[in-house]
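Here is how the chains run, residue by residue.
There are 2 protein chains.
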Amino acid sequence: MPLLSMRDMHFLLFDLLNVESLTASGRYSDHSRETFEQALTTAEQIGTRYFLPHNAEADANEPTFDGERVHTLPAVKEAFHHFVEAGLLNASVSFEQGGMQLPATVAAACHAFTTAANTSTAAYPFLTIAAANLIEHFASDPLKQSYLPLLRDGRAAGTMALTEPNVGSSLADITTKAMVTEHDHYLISGGKMYISGGDQDITDNIVHLVLARVVGDDPGVKGISLFLVPKWELLEGDERRRNDVKLAGLLHKMGYRGTTSTVLNFGEQGDCRGYLIGERGRGLSYMFMMMNEARIGVGAGAAAMACRGFQESLEYARNRPQGRHPDDKQPGSKPVAIIEHADVKRMLLAQKCYAEGSMALILWANSLVDAIAICEQPDQRQQLTELLDLITPVAKSWPSKYGPEANSLAIQVLGGSGYIREYPVEQLYRDNRLNPIHEGTEGIQGIDLLGRKVWQAGGAGVRHLLAEIEQSAVAALQQPETAAWGEQLQHYAALWQQTLQSLAPLLQQQPRLGLANATLFLEATGHLMIGWLWLRQALAAQKLAEQEPHLAAGKLAACRFFYVWELPKLTQWCALLQSADDTTLTMQDEWF
Amino acid sequence: MPLLSMRDMHFLLFDLLNVESLTASGRYSDHSRETFEQALTTAEQIGTRYFLPHNAEADANEPTFDGERVHTLPAVKEAFHHFVEAGLLNASVSFEQGGMQLPATVAAACHAFTTAANTSTAAYPFLTIAAANLIEHFASDPLKQSYLPLLRDGRAAGTMALTEPNVGSSLADITTKAMVTEHDHYLISGGKMYISGGDQDITDNIVHLVLARVVGDDPGVKGISLFLVPKWELLEGDERRRNDVKLAGLLHKMGYRGTTSTVLNFGEQGDCRGYLIGERGRGLSYMFMMMNEARIGVGAGAAAMACRGFQESLEYARNRPQGRHPDDKQPGSKPVAIIEHADVKRMLLAQKCYAEGSMALILWANSLVDAIAICEQPDQRQQLTELLDLITPVAKSWPSKYGPEANSLAIQVLGGSGYIREYPVEQLYRDNRLNPIHEGTEGIQGIDLLGRKVWQAGGAGVRHLLAEIEQSAVAALQQPETAAWGEQLQHYAALWQQTLQSLAPLLQQQPRLGLANATLFLEATGHLMIGWLWLRQALAAQKLAEQEPHLAAGKLAACRFFYVWELPKLTQWCALLQSADDTTLTMQDEWF
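Chains as they are written, first to last, in full-length UniProt numbering: chain F, 1 to 592; chain H, 1 to 592.
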């Protein structure tokens with residue numbers, strides 16, 4: 001059974017998003033559809049050969065800490081090594097830096113295969129890529145010269161050390177301190193928690209990106225700086241020094257068990273050296289650059305796991321005979337494969353909608369990254385950036401909410417088999433449940449979207465999004481098969497826009513009430529976007545109707561499912577939002 | 001922190017359902033509100049002292065099988081013993097048989113505490129109670145004399161051995177055989193799978209209730225008989241014989257790990273003795289009596305776990321400071337407890353709705369059992385039975401769907417802490433995910449409801465339910481605080497009824513299409529009933545507004561939440577159902 005449908009990945013990249021067109025730009029001119037497909041095939045092979053086989057084993061045998069060292073399965077280190085060797089760690093890094101110089105869209109599609117195979121092991125290289133990109137963008141040349149090569153060739157892994165035990169999502173309140181010294185480093189002291197990959201035995205070194213406040217700097221977000229804190233500090237020549245970063249303990253997660261989740265103490269001995277990245281006080285803005293990438297990455301992981309569960313349950317439903325059609329009352333008749341039952345088809349169609357819809361959203365978000373990178377017109381680049389900023393919380397959240405939902409449906413298709421660890425879907429369900437939490441919870445994404453993103457640049461991102469939606473709706477209106485969906489999409493887009501406008505004065509006058517239902521607004525925005533992307537998929541699939549009638553019929557059926565079962569939810573949601581309902585806001589602690 | 005809110009349990013039993021009124025009947029005349037409350041307190045103590053402490057431990061240390069014997073934690077056996085000693089195993093058994101002779105409603109409320117504490121350990125006594133009740137109803141006197149005392153005093157546990165590896169939910173197709181012998185027993189041969197408690201080291205003996213087909217009997221459901229198959233067969237005097245039932249292996253579940261899930265081989269040595277219960281060929285109807293009880297029991301378990309997760313996340317939200325209100329831009333200001341955030345209140349309110357709504361449904365279903373038991377008018381008893389039959393699939397399914405959803409919200413309230421095993425909510429989420437699967441999946445309950453139950457006795461059950469709903473709506477219309485909800489309830493009840501009527505001809509003419517969206521009809525029915533029960537809770541709470549203003553305000557707020565956020569979903573669902581949408585039915589295998 002495939003990890004993911006390669007045909008669908010090609011459909012999304014080439015038929016939906018026309019990634020091939022990127023090869024017209026200088027940066028990607030050495031590439032072609034063939035090289036993109038080769039990269040995908042390589043990723044699929046690495047995923048199947050090196051990530052998948054130890055997925056359940058790593059889940060059953062979590063990393064351990066003996067007080068001195070962390071122990072992970074040898075297969076994790078091996079998979080990391082093969083990922084690096086195959087060039088996947090530097091998939092989108094430039095040729096001159098030794099990378100494959102692939103578009104972000106293609107790189108994301110490649111990474112989906114390793115995540116689908118084993119999200120816990122995939123987490124180590126992904127954190128490393130994110131850390132390396134941040135260092136490349138913001139660190140000083142000497143720092144880059146020292147640590148970037150280690151990260152780029154997999155000798156070191158990266159971490160994001162943001163969260164603290166008593167602070168959680170409220171980064172403004174972090175208490176980790178950085179003390180100025182007479183050397184080029186600061187002395188870091190404080191504790192961090194839930195740091196993924198915070199210690200491990202996979203790479204020789206670890207580079208922590210740590211948020212801390214220089215002693216005496218402002219309280220709140222403006223006083224936060226970003227530091228590079230190596231586990232092993234590089235000294236002159238080949239010398240190196242074990243830095244004062246200590247693993248206080250491992251946390252034990254429900255899923256994602258192969259990835260260490262750590263409590264770290266910085267500077268217990270008073271000698272934890274950290275190197276300032278960029279300017280003092282701008283740490284959070286640098287981290288947000290990494291975090292935005294990581295947020296889309298979280299959505300990508302959720303989408304990949306949704307797709308994997310869909311494949312698993314599809315295969316099971318095709319091969320499991322059980323029960324009969326309601327009009328077959330013959331006791332001796334042959335049972336049918338469960339895929340014949342309408343309710344099983346419902347669960348598979350819903351998974352297809354959630355999984356392929358999420359993947360379309362993620363790849364489209366990455367296509368904006370690519371479009372920005374090659375865009376030569378400042379105005380247009382600006383527009384694309386505004387659009388990407390706007391939709392980042394949606395790309396993080398919608399797949400993270402509906403991916404686990406898809407995995408729950410996969411369990412349900414398998415029934416009792418779905419609930420036992422002898423089959424892989426229950427692990428997907430557990431693994432995927434982290435995604436609505438890390439890199440900013442769903443609630444935080446909602447406030448980011450409704451409290452900030454939709455108003456940025458005078459609502460420019462919203463205008464760009466609505467223009468994209470309108471363009472697809474108009475195209476759909478030209479075709480009899482899609483015209484009704486085009487009308488529906490126009491209707492819901494207008495409803496969503498009215499809803500947003502109705503919230504504008506409220507957010508000014510009563511911000512608590514205005515933001516009270518922000519999570520619902522986030523979900524409504526996600527539904528609108530996924531509805532739009534399903535229509536785009538239907539339009540792209542229609543062009544293939546002759547060559548690949550099954551693929552086209554499947555995409556049209558999934559689009560129909562979304563327009564019948566899902567999109568109409570916007571009616572109730574928008575009514576609730578427009579009424580500025582204060583049921584949640586006015587609830588009192590003592591009434592619970 | 002309490003396992004469950006005792007105040008809410010009292011509210012549901014005494015204020016909502018007026019369980020005290022049962023003491024007017026002969027059967028319960030020795031009881032009083034005080035004895036009911038004492039039983040609840042006992043159950044809470046047993047749950048807290050003996051079930052809770054090993055809940056996480058039993059999850060982390062699953063039962064093992066060394067090829068000879070199963071090993072469970074000693075604490076499981078101890079908890080079982082204390083459950084028996086406290087009288088909870090025979091909570092609703094008559095005084096003359098050594099029981100507490102409690103109403104089913106009170107017994108269910110008692111059992112909610114032990115389930116909330118540890119659903120895996122609670123499964124052993126619950127299966128035992130169900131098996132004992134079935135034997136008491138249908139077995140011959142000699143069988144009863146031999147095995148019932150063992151089950152009633154906890155020396156033996158019971159199992160339901162229905163499912164087979166290649167058959168699953170389609171019981172008509174079971175292949176386990178029973179061969180007539182010249183003795184009073186049959187020889188059973190075949191394999192069963194997913195048998196909870198199928199082997200263990202907790203009780204001295206195990207009584208399996210096994211569905212099998214006597215060789216030569218009809219295919220399909222009419223040829224299925226029910227057998228009592230003891231692990232240890234009782235012979236003359238104190239002698240006993242190890243029966244030919246063999247554990248082939250244990251299955252490894254995502255949750256519910258403390259309960260063994262077994263693959264059993266009957267008759268590998270050709271000498272597995274089974275004793276016919278009742279008449280040949282009527283096995284499935286007897287089993288359904290047990291299964292209906294078990295189905296409400298599954299809903300009860302889901303409700304109890306939802307309530308427990310709600311308590312845990314409520315406590316966490318009250319004590320965790322983090323973040324500020326949107327209108328507080330002061331960096332140095334003190335963080336608020338997260339319960340102050342509207343989105344956290346939303347997640348707590350939704351949990352309250354799902355958890356207390358589910359518990360109300362379960363206790364109300366049990367109150368029908370009690371009303372039937374004491375009813376002296378045959379007509380009325382008939383009506384109550386029709387109503388109970390109708391709502392059983394809803395009582396099973398709605399809590400099983402929304403209970404895990406509540407537990408997911410509990411995780412989200414705790415954030416990163418919710419995802420780690422250092423806190424108890426992730427286990428609830430895993431444990432509760434079994435409930436939409438066992439004792440008939442959600443899809444099967446939907447077909448049972450729409451394909452069978454709503455039409456039974458000419459739709460009598462539906463008429464009774466709608467009459468109940470109308471009565472509450474009319475009561476609500478009398479009060480200004482509840483009048484709008486009364487109108488809404490009338491509106492949605494009428495919509496639901498129209499929907500059902502529109503499906504009637506379709507089910508006759510095109511049964512595949514008529515049943516295609518049965519699961520959605522099940523969910524819609526559940527939402528209507530929970531909306532009705534929330535209105536009843538609001539009406540009951542209003543009477544307490546002076547003495548307990550917080551409780552009353554909380555119930556009214558939760559009712560409001562349900563009427564704003566949940567009940568309006570019926571509009572879309574009923575439109576979809578009335579349109580006889582065939583999106584799922586017409587989807588083809590090869591299009592996926």
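What the hints contain is simulated information worked out from the structure, not anything from laboratory work.
Please note that a few of the clues may not be correct.
Below 30 angstroms or equal to it, Euclidean Cα-Cα: the simulated BS3-like pairs (lysine-lysine) are [to be verified]:
hint : chain 1 : residue 1 : chain 2 : residue 2
1    : F       : Lys144    : F       : Lys222
2    : F       : Lys334    : H       : Lys543
3    : F       : Lys177    : H       : Lys329
4    : H       : Lys222    : F       : Lys334
5    : F       : Lys177    : H       : Lys334
6    : F       : Lys246    : F       : Lys77
Outcome of the hint check:
1. Lys144(F) x Lys222(F): holds, 25 angstroms
2. Lys334(F) x Lys543(H): violated, 58 angstroms
3. Lys177(F) x Lys329(H): holds, 23 angstroms
4. Lys222(H) x Lys334(F): Given that 30 angstroms is the threshold and the Cα spacing comes to 17 angstroms, the pair holds.
5. Lys177(F) x Lys334(H): Holds, because 19 angstroms separates the two Cα atoms, which is no more than 30 angstroms.
6. Lys246(F) x Lys77(F): This hinted pair holds, its Cα atoms lying about 21 angstroms apart.
Going through the hint list in order, the structure does not satisfy hint 2, though it satisfies all others.
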